[in-house]
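Participant: Sequence:
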Amino acid sequence: MATLLTASLISTFAGVGSLVFGFASTVVTARMLGAHGTGLVAFAIWFATTAATVAGLGIQHIVLRYIGTPGNDDGREAGLARALLKPFNISTFVTTIGMLAWAAYQWSLSDAEATSVWIATAVFFVIFAYASIALSAARGTHDFADNTRQVFLGCVAQVPFVIVGAYFFGAAGALLGQMVRHLPTAFSLRKYVSGPPSPRERLTPAMYAYGRNNWFSRMIGLAIWTRIEFVFLGLN
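Okay, so the sequence shown: first residue is 3 according to our numbering, each after it adds one.
Hint data in this document are derived by calculation from the structure and do not stem from the laboratory.
Be careful, since some hints might not be right.
Label pairs and their calculated CB-CB ranges [unchecked claim]:
1) 24 x 147: 20 to 30 Å
2) 147 x 95: 31 to 41 Å
3) 41 x 211: 33 to 43 Å
4) 48 x 214: 16 to 26 Å
5) 154 x 100: 26 to 36 Å
6) 170 x 215: 43 to 53 Å
7) 111 x 206: 42 to 52 Å
8) 29 x 193: 27 to 37 Å
Quick caveat, the model's predicted, so the values are computed rather than measured.
Glycine included, C-beta positions come from ideal geometry on N, C-alpha and C.
Construct the entire structure; sequences and hints are all you get.
Facilitator: This is the structure:
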């Protein structure tokens, strides 16, 4: 009970801190860039996080569910995460190339602002995607204290980087400043993927089915909420 209470308090602290610093960063962005710049940053963050969900293929859910399975030792846990990292790397790489290709197209149209924003979006996407894997691994192994430290470090760095980025580079800089929030978590992935990958027979069909079902569920949710948003925009 004490362990559960401690984990809940730590998670609550991380959530509240993330909310406060995120709100502060949004206010700073709005004050420095105005409605247009804030809209660009908001859309880019939405696009990058949505792309991370799509490109994740449900792998985050598999890691969260199975990396901390009772009876697993540290080697098995690291091996599971590392084995699942290969398809995740491929999907993330392809998605990133697509974003950079669109940025190149914007460059061909001589739209420097759109080009810089799409490049920043690609960078944000990569960091956020790997941070999501690390976050799932931390939660699956009940490593709440270390995860909270990573979140706190990212939150503390987020606001000043947003200010500097927005001042010198506009919307793209503010977006990269928002990305700093996820950097410590993304870099913490190393400790969850150290060691050789798990043999393929340990990646059971049940694991893939679990990830696939969760992925389909998220896709349906994204599609529904996006359409509902369009309905309200149309009514207004």
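Participant: Each of the hints needs a verdict: does it hold here or not?
Facilitator: For each hint, the structure was consulted:
no., hint, verdict
1, 24 x 147: 20 to 30 Å, "21 Å, holds"
2, 147 x 95: 31 to 41 Å, "32 Å, holds"
3, 41 x 211: 33 to 43 Å, "39 Å, holds"
4, 48 x 214: 16 to 26 Å, "24 Å, holds"
5, 154 x 100: 26 to 36 Å, "33 Å, holds"
6, 170 x 215: 43 to 53 Å, "45 Å, holds"
7, 111 x 206: 42 to 52 Å, "48 Å, holds"
8, 29 x 193: 27 to 37 Å, "34 Å, holds"
Checked against the numbered hints above, the structure violates none of them.
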